[in-house]
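Peer 1: Read off the chains here:
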Amino acid sequence: MSGAESTRELTMSRAMVSAIAHEMRENDDVFYMGEDVADYGGIFDSTQGLREEFGYDRIMDVPISETAYIGAAVGAAQAGMRPIAELMFVDFFGVAMDQIYNQMAKNTYMSGGNVSVPMVLTAAVGGTYNDAAQHSQTLYGTFAHIPGLKIVVPSTAYEAKGLMHNAIRDDDPVLYMFHKRLMGIGWMPAPDGPKTPVPETDYTIPFGRADVKRDGEDVTIVTLGLHVHRALEAAETLASDGISAEVIDLRSLVPLDTETIVESVEKTGNLVVVDEDYRSYGVTGEVTARVAEEALDALERVERVAVPDVPIPYSRPLEKEVIPGTEDIVNAATRTQ
Amino acid sequence: MTEHNERVAVQLDEWPDDVESDEGVVVNWFVSEGATITESESLCEVQIEKVSLDVYAPASGTLTEIRCGEDDEFERGETLAWVTPTPSED
Amino acid sequence: MPHASENTLTRLYENMVTARYYEERLQEEYLEGKQPAFDISAGPIPGELHLAAGHEAAGAGVCDHLRDDDIVTATHRPHHIAIAKGVDLKRMTAEIFGRETGLGKGKGGHMHLFDPDVNFACSGIIAEGCPPAVGGALAAQKRNTDSVAVSYLGEGAIDQGAFLESLNFASVFDLPVVFVIEDNDWAISMPKERVTDVENGAKRADGFEMPGVRVDSDDVLDVYDAAGEAIGRARDRNGPTVIEVQVHRRMGHFMGDPETYRPEADQEAAAERDSIVRLESDLREAGVEDDRIDEIRDDAHSRVDEAIEWAKDQPLPEPGAAHEDLFVSPASGVTDSEPDFEAVGGEE
Ligand SMILES: Cc1ncc(C[n+]2csc(CCOP(=O)(O)OP(=O)(O)O)c2C)c(N)n1
Chain A
355 MSGAESTREL TMSRAMVSAI AHEMRENDDV FYMGEDVADY GGIFDSTQGL REEFGYDRIM
415 DVPISETAYI GAAVGAAQAG MRPIAELMFV DFFGVAMDQI YNQMAKNTYM SGGNVSVPMV
475 LTAAVGGTYN DAAQHSQTLY GTFAHIPGLK IVVPSTAYEA KGLMHNAIRD DDPVLYMFHK
535 RLMGIGWMPA PDGPKTPVPE TDYTIPFGRA DVKRDGEDVT IVTLGLHVHR ALEAAETLAS
595 DGISAEVIDL RSLVPLDTET IVESVEKTGN LVVVDEDYRS YGVTGEVTAR VAEEALDALE
655 RVERVAVPDV PIPYSRPLEK EVIPGTEDIV NAATRTQ
Chain B
77 MTEHNERVAV QLDEWPDDVE SDEGVVVNWF VSEGATITES ESLCEVQIEK VSLDVYAPAS
137 GTLTEIRCGE DDEFERGETL AWVTPTPSED
Chain C
88 MPHASENTLT RLYENMVTAR YYEERLQEEY LEGKQPAFDI SAGPIPGELH LAAGHEAAGA
148 GVCDHLRDDD IVTATHRPHH IAIAKGVDLK RMTAEIFGRE TGLGKGKGGH MHLFDPDVNF
208 ACSGIIAEGC PPAVGGALAA QKRNTDSVAV SYLGEGAIDQ GAFLESLNFA SVFDLPVVFV
268 IEDNDWAISM PKERVTDVEN GAKRADGFEM PGVRVDSDDV LDVYDAAGEA IGRARDRNGP
328 TVIEVQVHRR MGHFMGDPET YRPEADQEAA AERDSIVRLE SDLREAGVED DRIDEIRDDA
388 HSRVDEAIEW AKDQPLPEPG AAHEDLFVSP ASGVTDSEPD FEAVGGEE
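Protein chains in written order, with the working numbering: chain A, 355 to 691; chain B, 77 to 166; chain C, 88 to 435.
Simulated pairs of lysine to any residue, SDA-like, Cα-Cα distance not exceeding 25 Å:
1) A:K674 / C:Q122
2) A:K674 / C:V415
3) C:K279 / A:G425
4) A:K674 / C:S210
5) C:K177 / A:P671
6) C:K279 / A:L404
7) C:K279 / A:T421
8) C:K279 / A:Y410
9) A:K674 / C:D412
10) A:K674 / C:L413
11) A:K504 / A:V608
12) C:K290 / A:T421
Partial list, computed: chain C residues near chain B (C-beta under 10 Å):
13) Q122
14) G339
15) D344
16) P345
17) T347
Hints are computed from structural coordinates only; laboratory data are not their basis. Quick caveat: nothing in here was measured; it's all calculated off a predicted structure. Even glycine gets a Cβ: it sits at the ideal position worked out from N, Cα and C.
Chain A with its partners taken away, still in its complex shape (with noise of 0.2 Å):
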């Protein structure tokens, strides 16, 4: 999977940041946008030293005006330049849904394809650190559901900087998810996994294809962001228990690899879909409808492991009710069996 030889390692945000500093000194199309971008270098990091590097011209703070910036990203793209523009929570997403639903995702298509989007849209996302109902979420199926954005979500360093890579140099509108808890900051102390060795060079992961983070028989764990950690963790468990699960790690949401997902359950026959956005209309309904739509003979059990349909409370008990956690994994695989 990792290139190797190298024996570094690069926390999530310094491979995103390393792989947006390559494209830049590339590319002088190239620039990103954001709140708190420049100085602050990001408020989850994802843009620390670049302004040292780049300077205010290409690493721009903007005024609280989602709309104007990312709607501006969406010009400057059309225009023939590469912008990223950065949400700080995807949580805000709200106030510029406009320019990301019916701009951003639509206008090569409304043009047949005449005009095309090159730009990215990068958003912290998910709970985790008790930050309440309009700071916590992940929004993947808010995002995946409208046609027209390519959807990104890296799970580890090595990930993060190769789809960060492809994101930039894509033609198309890309969103790139990053979880907060797995960027490696101080002050958010990262689990064991998403930090990895990342190599020097520039390389390119391709969008809709997934990776089959450890190897299973008895059950396929499909899951993305955070959760594949969570996922992992409770594969370890469920091999005490007996139990051995394949855990595939989706890193996008569109395109999707449907054929990863089908290989692994006409193998396992049980399949359990893990996701921090809310149960309903979102990703582990799209999964479990994909498999049952190519394989449903080779379908026995299936569990879809999600964040209830609430927002997500502040009190500690409260968020850790509704945000699946390895135990809630844990069961659910072993319900399958």
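Model the placement of chains B and C with the ligand on the given structure of chain A, informed by the hints.
Peer 2: Just chains B and C with the ligand now, with coordinates in the frame of chain A:
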């Protein structure tokens, strides 16, 4: 004549002056014990209060010992690791 | 001077020292368990915490003119405004500690405080409190009451569509609403001059045909006067106003903010310009004895300490409570059954 190689301490160069605490925490190591490292590459990241800082390799060579692992606390001036420099050629 | 009566002065003072001490105590509580490593999810208060030390004049000077039936929407930095509006201190504190008896039963947290008894609410999304405040003013107008609404926002929020649209809406319908901009010079790490076109945010009012007033210092009496006029105008059905108040950020954007981007001189200047100290000298000038001032302050401190102790004693919510409170009516709405088609006059 090649001198015998003395190991070199890995330390935070400068304690930030806008913090009150005399203690920090190592939050990330980017290389592991035994790794070959190049002078001035970032070896680890430490946090003092909420200020994050990188600690750089004092010399090229081998990271022979990590004394403060991830999540370990350290005090101002404490040695975080030891580097054994590559013998020079002349 | 004196703009306000001695009673008013002492009320404002009491309010401001309560708010200041509240933030100081919360800071202590918040940092517990977060040292030496700052872990945002550790300690008795997890998550982000935006404290308002240095903003007190904008809370007290405005809200002193309000009644319980007047509506206030506040920002992600809400405590001083909540205190000034008369939000229940104990239940607010319990909410911040994530307790079952908190204002939102532990579901909301410090950026999402709701106290319908005094018509207070706040939101963590920049400028998104403006439209609901306009709606509160609309309701007052439609019901022909003399209540008013006040919407708070930071100077960083004046570039947000929700604010600009609200200004126009309020102006078109002559609504009894006052927009209060708290200008602390910074939007997290972004200084005002780098991201905003105007130095005086109250100028936004000009484009919408309403008065815009800037209070250049955080002298609470100046705020009190400007707010009194604006709120009076709203109550008399003479339309909306924008007020901008210069305040100061004394504790970083959020707790744990390293503020490495902020010049030291700016930090020191903020620390020096203390509206509470200024009000103390106003009180003395108005003939209030030092003992009385000390007494007011000590009482305020005791109330805060008591609220915090009470809150920490409260139970955490049961995990199962996470599934409750999504709706107030049953999911089916007000009915559980469909009518008999014929009985309600259908053909067939
Ligand atoms: C729509 C939206 N964008 C961005 C943010 C992130 N954010 C939280 S506070 C803040 C700065 C706000 O500055 P200002 O309005 O001046 O208020 P202050 O924090 O200085 O009191 C930002 C950008 C948000 N909460 N909502």
